[in-house]
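Here are the chains, one letter per residue:
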Amino acid sequence: MLRQNRLKIMVQTGILCRQPAVLDNAQADWPRWSVMAEQRHAVDRLSWISAYALRLGLLLGVWWILSGSTGDWWFGLPLAVFAAAVSLWLTPPGRFRLRLHRMPFFAGFFLWQSLLAGWDVARRTLSPALPLRPEILHLPVVLPEGAPTWWLMLVISLLPGTLSVRLDEERSLEVHCLDSRLDVPASVRETELQIALLFGLRISGADGGQHS
Amino acid sequence: MILIDLLQGMLLLAGVGFFLVGTLGILRFPDVYTRVHALTKADNLGLGLIVFGLLLGAESVPVALKLLLIWGLALVASATAGYLVARAARRRGVKPWKARSGGGA
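Residue numbers (the working numbering), protein chains in the order written: chain A, 1 to 212; chain B, 1001 to 1105.
Hint data in this document are derived by calculation from the structure and do not stem from the laboratory.
For clarity, every value in this text was computed on a predicted model and none was experimentally measured.
If you want a taste of the chain B side facing chain A, the calculated C-beta under 7 Å gives, among others:
1) H1037
2) K1041
3) L1045
4) P1062
5) Y1083
Just so it is clear, CB atoms sit at the ideal spot from N, CA and C, and this is done for glycine as well.
Go ahead and model the full structure; you've got the sequences and the hints to work with.
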């Protein structure tokens, strides 16, 4: 039921976002606000040590894959230890954590969309009439700054007919679309929802009233 | 076994086809933004199909994981590169190509 609520709210925000005029002050602020509350909670939980352990584990896994499990660990182990330290230095632990149990859902969504995207672009390329009607859209991003926004921008570029061009200071995402007849705002909203779920974020404003 | 071989062949051929279409897109599409569309999306799917085709014939788990790792890294790289190219074009003031309204199609 909670999930349904979230969906409903996201759809509502999506409708709001399609008319930039409506999207100012209070109405636009509440979804972001409840995300912030979740964020602060996450900061306390994820310390540097656990981030280091996680990245070290990941890199060891990558080494195991790369070395074909022959196990040249005398080289791989120090390298992973060093690389994990460098990665912490370059990208300090974020406030956001992927929810692994959400990964299969997200992968399913992503694979299906990639298939549609490739098919869509192939169809347009091969059609003699070259059916393109490009346009630039400006869409406000509801997801918090940091990893979720980066995921959004990368994933959007691989979805049917959309390409991230720029994110400006007011957190409005400039999207280049192949065809103005596609409902791009709706698919961007759907992607935001999927990423929010992946990071365990609550974009819902269902209980927003209690916070304020 | 022969069914798997057949499926593998189909996946590989389809993958190559999408790569070809992506390249054709670079030639046919009118401006830098639309070309980035063609390249990122068609190649992403093409590589994905090839990887799945090869997965069917992978001899061991590390090999299979390596294939998936390659695809994942290529996805991140192509999405990032596509975004960087589009942003650079935008900063240089490249105007997106517009379809003539009411014309042809």
